[in-house]
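Asker: Construct the complete structure from the given sequences, taking the supplied hints into account.
Sequence order for the protein chains is A and B.
Quick note: the first sequence, position 94, residue 271 per the working numbering, numbers continuous.
Quick note: the second sequence, position 68, residue 218 per the working numbering, numbers continuous.
Don't read these hints as lab results, they were simulated from the structure.
Ideal placement from N, C-alpha and C gives every residue a C-beta, glycine not left out.
It is possible that some hints are incorrect.
[What the hints assert, rightly or not] Once the Cα atoms are required to be at most 20 Å apart in a straight line, the calculated DMTMM-like pairs of lysine to aspartate or glutamate come out as:
1. B/230 - B/190
2. B/220 - B/167
3. B/217 - B/190
4. A/314 - B/206
5. B/220 - A/250
6. B/333 - A/184
7. A/314 - B/250
8. B/292 - A/231
9. B/323 - A/194
10. B/217 - A/194
11. A/352 - B/206
12. A/352 - B/167
13. B/292 - A/236
14. B/333 - A/196
15. A/181 - A/207
16. B/323 - A/196
[As the list claims (entries may be wrong)] What follows is a list of derived Cβ distance ranges for each label pair:
17. B/180 - A/199: 29 to 35 Å
18. B/168 - A/183: 30 to 36 Å
19. B/274 - A/227: 18 to 24 Å
20. A/196 - B/227: 39 to 45 Å
21. B/168 - A/206: 38 to 44 Å
22. B/181 - A/195: 33 to 39 Å
[To be verified] To give a feel for the contact side, a few chain B residues facing chain A, derived at Cβ under 8 Å:
23. 171
24. 212
25. 272
26. 279
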Amino acid sequence: MVIKCEEVWRDVSNYLDGEVEPGLRLAIEEHIRGCSRCAAVVNGTRNIVQLYGEQRMLDVPVGFSRRLHQRLESNVSASRRTFLGWMVAAAAGGLVFGSFELASSSALTSPRLRSEHAQASNRVPPDMTVIVSERGKVFHVAGCPFIHGKSNLLTISARDAEREGYAPCVRCMKKYLDVSG
Amino acid sequence: MAAGLEPLDNPAQRHYEQGLIERVRNGEHEAFYHLIRPYERRLYAAAFVILRNEADAEDCVQEAVLKAFKYIHQFRAEAKFSTWLIQITVNEARMRRRRDHDDILEPIENRKEEEGSYTPRDFADWREIPSEALERQEVREKLGEALRSLGQIYREVFVLRDMEQLSIEETAKALGISTASVKTRLLRARLMLRDLLTPGLGGPWSSRISFAKGEKPW
Numbered sequence: 178m179v180i181k182c183e184e185v186w187r188d189v190s191n192y193l194d195g196e197v198e199p200g201l202r203l204a205i206e207e208h209i210r211g212c213s214r215c216a217a218v219v220n221g222t223r224n225i226v227q228l229y230g231e232q233r234m235l236d237v238p239v240g241f242s243r244r245l246h247q248r249l250e251s252n253v254s255a256s257r258r259t260f261l262g263w264m265v266a267a268a269a270g271g272l273v274f275g276s277f278e279l280a281s282s283s284a285l286t287s288p289r290l291r292s293e294h295a296q297a298s299n300r301v302p303p304d305m306t307v308i309v310s311e312r313g314k315v316f317h318v319a320g321c322p323f324i325h326g327k328s329n330l331l332t333i334s335a336r337d338a339e340r341e342g343y344a345p346c347v348r349c350m351k352k353y354l355d356v357s358g
Numbered sequence: 151m152a153a154g155l156e157p158l159d160n161p162a163q164r165h166y167e168q169g170l171i172e173r174v175r176n177g178e179h180e181a182f183y184h185l186i187r188p189y190e191r192r193l194y195a196a197a198f199v200i201l202r203n204e205a206d207a208e209d210c211v212q213e214a215v216l217k218a219f220k221y222i223h224q225f226r227a228e229a230k231f232s233t234w235l236i237q238i239t240v241n242e243a244r245m246r247r248r249r250d251h252d253d254i255l256e257p258i259e260n261r262k263e264e265e266g267s268y269t270p271r272d273f274a275d276w277r278e279i280p281s282e283a284l285e286r287q288e289v290r291e292k293l294g295e296a297l298r299s300l301g302q303i304y305r306e307v308f309v310l311r312d313m314e315q316l317s318i319e320e321t322a323k324a325l326g327i328s329t330a331s332v333k334t335r336l337l338r339a340r341l342m343l344r345d346l347l348t349p350g351l352g353g354p355w356s357s358r359i360s361f362a363k364g365e366k367p368w
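Answerer: Now the structure itself:
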C-alpha cells in the first residue's frame, strides 16, 4: 500500500499509540523510509510525547497530600461531631429545644465558613492585618500571589476575617495551619 | 511520590480497591484515604490543567475528594474508580472555572474544535532531544510554555493522555467526550507541540543559551 504524506500526518498519533491496522502501519513505515519530512514528523512527535511523559511538570505542591488528608479527616470528624452532638442533646433533654440550643451555641462560637470544606484555624494572631476579597472565601497576608478578585480587596483584622467566615489561605498562612509540622 | 503509591491497573488492584470501597461504605472512613492516595497526582494534574493555578487546583481536588467520599455509595463496581474520581475532579474544576473566571475564559474560537487537517511544519533536519535535556531548567520551562500555549481542549486531552498516561477511553470518560474527539485533539496537540518545540529546541533558542556559554545544547 502506497500512501501520501497527508495520510501519514493524519494517522501519526494513532500510529504512535499502536492503534492502526497492520497494513497501514507497514505503509507508514515504508513511507517514512523514503520521506525525510514525514520521518521528521513521526520521530519528532514521538520524541515530544516521550519527553512530556517523563516530565513531572505537574508535581503536586509540597504538603498537598497531608493537607488533603487533614481536610478529609476534619470533614469526617465534623460529620461525626454533628451526629454526636445531636445524640448528646437528645439524650440530655429528650427535647427538641435541647438540640436547638446546642446548635445555636455552636454557631456562635465558630462561624460558618464561606467555603463548606475550608480548613479553619484558631492559630492566626487575631490582630494580624489580612487581605480579603469581597467575593472570596480565603484571607491572605498582603502580597500573597494567590489573592483573587484583586479589584475588590479589603484590609481587615484576622479576627474579623474569621468572624466573617473567611478561612486562612493554605499558602501564605501555611505556618498557622501546619499543626503536624 | 513513592513508587509503591503509583496506581496499578490490573485485576488485583481493582479487587483491592473494591475491598476498600466496601470498607468505606461500612463506616470505616479511614480506608478512603488509602483508596484515593495513588491518584492524588492525577487529580491535581486534571484540576491544574483546567484552573491553571496551584492554589485553586489544590482546593478543587480537596472538594472533589470530599464529594467522592460523600457519594461513594453511588459508585458502580463496573466503572473504574480512578476514572470516576477524575470525572468528579474535572467537573468540579470546570464548575469553578465558570464561576470564578468567567472574565478570563478563552475566546470562543479557541475552545471550538478545529476542523480540517493539520499540516505539520517541515523540519527535515530535525534532531532528537534526549531525556537528559529535561534536567535543564530552560528546557522544562520551554515545555511548560509550549503546553500553556495550546487551547484548553487540546491541553486537557494531552495532559491526561500523554502526561498522566490515561488510556484513550479513560481520557474520553474523564472529559465527557467521545474517543474520536480524544484522538483528533490528541493528534492536533502532539503536532502543535512538536511544531512549537522542534525548531526551538534544536535551533535558535538553545543555541543562544547554550552555545553562548560554550556548552553543547544537550
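Asker: Hints the structure violates: just list their numbers, smallest first.
Answerer: 10, 12, 17, 18, 20 and 23
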